[in-house]
Amino acid sequence: MSDFKVQAAGALTLAGVPFNDGDLDVLELVAQVFEPAMRALDDAPLGELPFEAGVDPSGAPAAQARS
Amino acid sequence: MTHPQDLPLREQARLISAGELDPGQLLDATLARIEERNGPLRAVVATFPERSHAMLAAAPPGPLHGVPITLKDMFSLPWRGYHNGTRHELGAPVASGVYRRLRDAGAVVAGVDNQHEIGMGTTGIASPHGAARNPWNPEHCTGGSSSGSAAAVAARMIGGAVGSDSGGSTRLPGGWCGVVGLKVTYGALPYDGYTGANSSFSGPGALGRDAADTRLLLEALLARPLPARDAASLRVGIVRRPYWEDLDAGVETRCSDALAEAGFALSALELPFAELGSPAGAVRLGAELGAAVPPAVVGELEPITRGLLLFGALQPAQRLVRADRVRARLRRAIADAFAKCDLLAWPTNSAPAPRIDAPLLELPSGPALPDAPNIRQAILANITGVPGVSVPVGFHSSGLPIGLQLLAPWGEESRLLDAAERIEVASGERWVKAAPAPAG
Numbered sequence: 001m002s003d004f005k006v007q008a009a010g011a012l013t014l015a016g017v018p019f020n021d022g023d024l025d026v027l028e029l030v031a032q033v034f035e036p037a038m039r040a041l042d043d044a045p046l047g048e049l050p051f052e053a054g055v056d057p058s059g060a061p062a063a064q065a066r067s
Numbered sequence: 001m002t003h004p005q006d007l008p009l010r011e012q013a014r015l016i017s018a019g020e021l022d023p024g025q026l027l028d029a030t031l032a033r034i035e036e037r038n039g040p041l042r043a044v045v046a047t048f049p050e051r052s053h054a055m056l057a058a059a060p061p062g063p064l065h066g067v068p069i070t071l072k073d074m075f076s077l078p079w080r081g082y083h084n085g086t087r088h089e090l091g092a093p094v095a096s097g098v099y100r101r102l103r104d105a106g107a108v109v110a111g112v113d114n115q116h117e118i119g120m121g122t123t124g125i126a127s128p129h130g131a132a133r134n135p136w137n138p139e140h141c142t143g144g145s146s147s148g149s150a151a152a153v154a155a156r157m158i159g160g161a162v163g164s165d166s167g168g169s170t171r172l173p174g175g176w177c178g179v180v181g182l183k184v185t186y187g188a189l190p191y192d193g194y195t196g197a198n199s200s201f202s203g204p205g206a207l208g209r210d211a212a213d214t215r216l217l218l219e220a221l222l223a224r225p226l227p228a229r230d231a232a233s234l235r236v237g238i239v240r241r242p243y244w245e246d247l248d249a250g251v252e253t254r255c256s257d258a259l260a261e262a263g264f265a266l267s268a269l270e271l272p273f274a275e276l277g278s279p280a281g282a283v284r285l286g287a288e289l290g291a292a293v294p295p296a297v298v299g300e301l302e303p304i305t306r307g308l309l310l311f312g313a314l315q316p317a318q319r320l321v322r323a324d325r326v327r328a329r330l331r332r333a334i335a336d337a338f339a340k341c342d343l344l345a346w347p348t349n350s351a352p353a354p355r356i357d358a359p360l361l362e363l364p365s366g367p368a369l370p371d372a373p374n375i376r377q378a379i380l381a382n383i384t385g386v387p388g389v390s391v392p393v394g395f396h397s398s399g400l401p402i403g404l405q406l407l408a409p410w411g412e413e414s415r416l417l418d419a420a421e422r423i424e425v426a427s428g429e430r431w432v433k434a435a436p437a438p439a440g
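Residue numbers (the numbering used here), protein chains in the order written: chain A, 1 to 67; chain B, 1 to 440.
Bound conformation, chain A alone:
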């Protein structure tokens, strides 16, 4: 079993998320596709921003976010 699968299995078990061995194969493929972009998200400088603007789900125009 790859290191990724071992770590993923541990994390899923810890989180109480049910899975099977076949799921880990697909999960590894999904992670290969998406994880590089996720790392970019982790590393990007985002600057300061009011937290409320970041979680507002309304998608309201920026003028509202600035007010």
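Where hints are given, some of them may not hold.
Simulated restraints on C-beta separations [claimed, not checked]:
# : chain 1 : residue 1 : chain 2 : residue 2 : range
1 : A       : 36        : B       : 272       : 16 to 22 Å
2 : B       : 51        : A       : 40        : 45 to 51 Å
3 : A       : 45        : B       : 364       : 25 to 31 Å
4 : B       : 2         : A       : 20        : 49 to 55 Å
Hint data in this document are derived by calculation from the structure and do not stem from the laboratory.
Source: prediction; values computed, not measured.
Using N, Cα and C, we set each Cβ at its ideal position, and we do this for glycine too.
Fit chain B to the known structure of chain A by using the hints.
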């Protein structure tokens, strides 16, 4: 004699209004057309002739009086709760907000369309009903997740369909199936009885063969007129990075040419943080969609859907916070962009629809599974809540359709359709009038 489903949606409505087309005969002909063409395409997963005829009998006067429409399996009907691309009735059978808007406009729900399983994919392959197939080449994907809605409209089983779009799910299949697919502004429609209520990214969508048909359907959904205006003076912003990068050459050329042919004033724009839209969108959307899936259903889902759900479950909370900060940045960036232009434009899909048995996009960077490139092209409208549309702009050398995507400011759906009509006229309407040969 012309089959009534070969007529545009607006012509069906006009003929009924003029007393020249019997809506009962139209409904019967539509159900027969679905029966005739649906087998190889798997676009429609349920019809209910008695319910449809009852709806017709009670249909009030309205802009869509007596006109059949199909819906994605994300909207509940009084006699059928939404299944969201599963084998289970996940929603209660109720008159959802979208159903009520259609009913009040006089429309008749003729069927429910296939979709990508729980809306968590952009190909249309994963479905308990089998993959929906592209009417232009049934060996190829339709796109998704509103897979069956786009295929049904393209195959002329129905003149208009209602889809849903959480990460491009109306625009992406619109592009790959050669129909107009429009996502509305977030919150523009009632969300009750709609799985999109689970996500801050979701909005219903309208699919039609051209902009005028889509406008008529959208007017019914929004319950307000969307008067057409001249689009000649619209200014279109071109955001090269990342949306015009790593594209199939034929797609890039056709989309560029369509914009030039329409005569829009084009200007290059930068959109700060746009490259982080994909991961930011994937983190939050994965969490929102994943949280809405009942645990009892998870075990029955396709392996790829389960893999995506597990990936979502493994995302650290800090990453979600960063994703939300990117979202706020993008909202400001797009508002700044719309201070300088009226529309943003780029290709709907990076490449034409891939084969169902080998779903890889051939891109300059190499072969790629479709979801990541598709999300990259589509997610900005979902993150920011603005409306977007895919307009057919031609065909690839493979014979598959190509779509151009346009985004407009909050609430400006009509502007999207104005621009789409201008693009259609500039091409002599040849892309929207083209019809695939019936699959057999």
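Evaluation of the provided hints:
1. A:36 to B:272: 16 to 22 Å: Between residue 36 of chain A and residue 272 of chain B, where Cβ atoms are some 21 Å apart, the hint holds.
2. B:51 to A:40: 45 to 51 Å: holds (49 Å)
3. A:45 to B:364: 25 to 31 Å: holds (28 Å)
4. B:2 to A:20: 49 to 55 Å: holds (53 Å)
Consistency note: the structure conflicts with none of the earlier hints.
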